[in-house]
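Let the hints inform the model, and build the full structure from the sequences given.
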Amino acid sequence: MKRVYLALACGLALLIAVAAVSLWLLNLLRAEYELSASITVAFQQTRALRNSVLELSSHPVERRAAVQVKSLAAGKLFEQSRQVVKSLKNFDSLVKSAERVVQAVAELEEAVAQSRDIAAAGKLVEDRAGELENLLVRELSGHQEIEQQNQSLAWLIIWITMFCILLILWSAQQIHDARSRERMAEEGRLKTSRALLNQERVYQTVVNNAHDAFISIDAEGKVIDWNRQAEAIFGWSRLEALGLLLGDMIIPEPYRAAHARGMRHYLETGEGPVLWKTVEIEAVRRDGTLIPVELTISPLVVDGITRFSAFLRDISARKQIERMKNEFVSVVSHELRTPLTAISGSLQLVSAGVMGPLPEEAQRLVMIAKDNSLRLVRLVNDMLDIERIESGVLQFEPSQIDVLELVDRAVLENGAYADRFGVNVVVEAVESPGTILFDRDRLLQVLSNLLSNASKFSSRSGTVRVRILSLVLSVRIEVIDEGSGIPAEFHDRIFGRFAQADSSDARQKEGTGLGLSICRAIMMRAGGKIGFESSLGNGSTFWIEVKKHDPDITDDPQKAES
Amino acid sequence: MSDTLIQELRRVLYVEDNPDIASIAKLALERLGGLEVCICSNAEEALGFVAKFKPDMILLDVMLPGMDGPALLQQLRNLDVCRGVPFVFLTAKAQASDVRRLKALGVADVIPKPFDPLTLADLLRKIWMRVRAD
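Line order of the protein sequences matches chains A and B.
Numbered continuously in the numbering used here, the first sequence closes out at residue 562.
Numbered continuously in the numbering used here, the second sequence closes out at residue 134.
Simulated from the structure, these hints should not be mistaken for lab results.
Keep in mind that a hint or two might mislead.
[Claimed, not checked] Across the chosen pairs, the derived CB separations fall in these ranges:
#: 1; chain 1: B; residue 1: Arg-132; chain 2: A; residue 2: Leu-290; range: 49 to 57 angstroms
#: 2; chain 1: B; residue 1: Met-63; chain 2: A; residue 2: Arg-378; range: 17 to 25 angstroms
#: 3; chain 1: B; residue 1: Asp-68; chain 2: A; residue 2: His-491; range: 44 to 52 angstroms
#: 4; chain 1: B; residue 1: Arg-132; chain 2: A; residue 2: Gly-513; range: 39 to 47 angstroms
#: 5; chain 1: B; residue 1: Arg-77; chain 2: A; residue 2: Leu-290; range: 51 to 59 angstroms
#: 6; chain 1: B; residue 1: Arg-31; chain 2: A; residue 2: Ile-291; range: 55 to 63 angstroms
#: 7; chain 1: A; residue 1: Gly-513; chain 2: B; residue 2: Pro-65; range: 33 to 41 angstroms
#: 8; chain 1: A; residue 1: Asp-550; chain 2: B; residue 2: Arg-31; range: 30 to 38 angstroms
Ideal Cβ positions, reconstructed from N, Cα and C, are used throughout, including at glycine.
Set out below in structure tokens:
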């Protein structure tokens with residue numbers, strides 16, 4: 001761009017210089033032209049003089065007056081020319097020659113006046129005039145040369161001028177282009193900044209209308225963003241909060257050191273175990289009250305500057321509901337069990353004939369009441385179980401379990417139930433399925449459930465097989481029945497609550513419809529697997545898989561969970 | 001105390017605030033189990049009766065009006081008349097964690113409600129035998 005401006009300046013300067021030179025040259029040309037004109041006039045006068053003298057010699061008397069006049073005129077003209085031609089190269093010789101002509105004319109005039117022989121005087125004038133003529137011709141040809149030179153100079157000037165104009169036009173075009181490019185770039189910048197501004201507005205709107213508090217801090221822990229919800233939850237306005245250290249505001253005293261440590265650790269190593277995860281923690285409000293919050297922290301590095309952003313949700317209400325739910329579970333546990341204890345206890349005593357024999361029909365009704373009250377007890381137990389497993393209230397206590405021993409135990413416990421349906425239970429085991437790490441009571445509960453289901457849904461005098469398979473990493477226990485199988489449309493709901501395939505099936509009365517739901521909840525919580533294969537008419541296979549326990553591996557996930 | 005090995009379980013004190021459950025337990029233990037049962041509906045009553053009744057075993061409900069089961073357990077243990085007497089909790093709060101917590105108090109056993117009245121006496125005798133054997 002600089003070069004273009006330089007070119008433009010050069011062009012302009014050159015043009016001005018050329019203009020000046022042209023003016024000078026024009027002057028010179030005019031002077032030269034005038035000079036040439038004067039010389040030409042002088043030449044013509046001189047020739048006229050010579051001719052007059054020639055005429056004089058042939059008509060001496062008649063032309064006297066005319067010669068006189070003409071010579072006077074010649075002398076006058078010459079005087080006139082003298083003023084102009086001072087600058088001529090051969091000025092002196094011209095003047096001398098002219099003077100000599102004038103002198104010769106004067107002598108001629110004198111000879112005429114004295115009526116002497118004018119032939120010699122006339123010859124003198126003629127010669128002198130001839131000399132002058134020659135000088136003038138020479139002078140004139142010299143000036144023609146100069147004129148030619150000046151003409152070439154004029155062409156040169158025209159070319160230079162054209163070049164200058166082209167140069168100026170070119171630089172003007174360049175400058176114009178550059179300007180428009182700049183303008184476009186400026187417009188682009190404006191557009192970009194407008195887009196950025198809009199984006200910022202969208203961001204602010206989203207952040208401000210979020211249901212959660214949004215807080216950002218810089219690498220020093222100073223607040224750099226604080227939305228409306230943060231204002232509402234914590235009590236500091238945005239303006240008050242900006243620039244303050246977050247550690248001194250909402251983080252309770254006991255966590256402050258850990259917070260600072262965590263940030264430092266991340267900045268040094270890029271690792272943060274709590275980042276990107278939803279964590280529940282307590283936070284302090286401005287008035288000093290503690291509230292439970294759920295938050296997700298994510299770091300963001302922009303242009304090498306780290307900032308941490310977090311969405312925080314006040315979960316006081318949820319915690320309250322959780323507390324209420326736990327209380328409810330506890331109340332149900334106690335308040336339902338107490339009357340159930342009384343009802344089922346009474347009915348058991350009456351139906352057992354402790355109070356004496358009942359009429360046959362009364363006995364039947366009491367049996368119905370007793371069976372249903374016991375079912376209600378199971379239902380309450382199952383409901384509580386599933387709630388406690390799913391809510392995580394129930395603590396699992398993993399221990400090393402000998403799979404074979406556990407299966408035998410489950411089969412033994414289920415023995416009476418299987419007998420009721422006339423079902424034979426067979427265990428098919430590999431030699432050493434190994435040990436697993438699991439909550440013994442809970443696994444027993446799962447196996448009992450699967451075994452009782454298999455017994456219940458087997459045909460009379462059928463066989464239920466329990467197969468133990470040692471896989472590469474886990475142990476698989478399959479409970480295979482020869483029952484009617486599970487209809488395909490029921491497969492999706494089999495592990496759901498209160499799920500039973502055929503509600504008209506009399507056997508449903510035996511269960512609560514929660515057994516498999518509990519089994520799945522237990523297996524999911526403890527990191528095991530549960531599933532089934534079944535088709536209508538071909539029996540069912542329910543299986544569970546539990547990871548093998550290797551005592552050498554200390555960081556066992558199930559151990560870690562405990 | 002060699003005679004304690006052959007001593008039978010005869011007298012059971014049951015502290016239970018729910019009169020229905022108390023009467024079912026009393027009926028079951030007396031009619032089916034042939035035991036002598038004294039029912040107390042709260043801690044004060046139990047503390048008053050225990051010296052007079054001299055039970056072989058004491059059954060405690062956990063949730064009682066006023067002083068609760070565990071607190072009553074501590075009080076009763078301090079009495080001479082309760083030396084060597086096994087305690088058993090009967091509780092509707094029978095979650096594993098509750099059972100563990102109660103057992104940690106040093107009782108012979110924890111029986112969850114609802115209990116089976118037909119087998120309750122047998123269950124208490126089994127516990128009795130186990131405690132005696134120790």
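Numbers of unmet hints, in rising order: 5, 8
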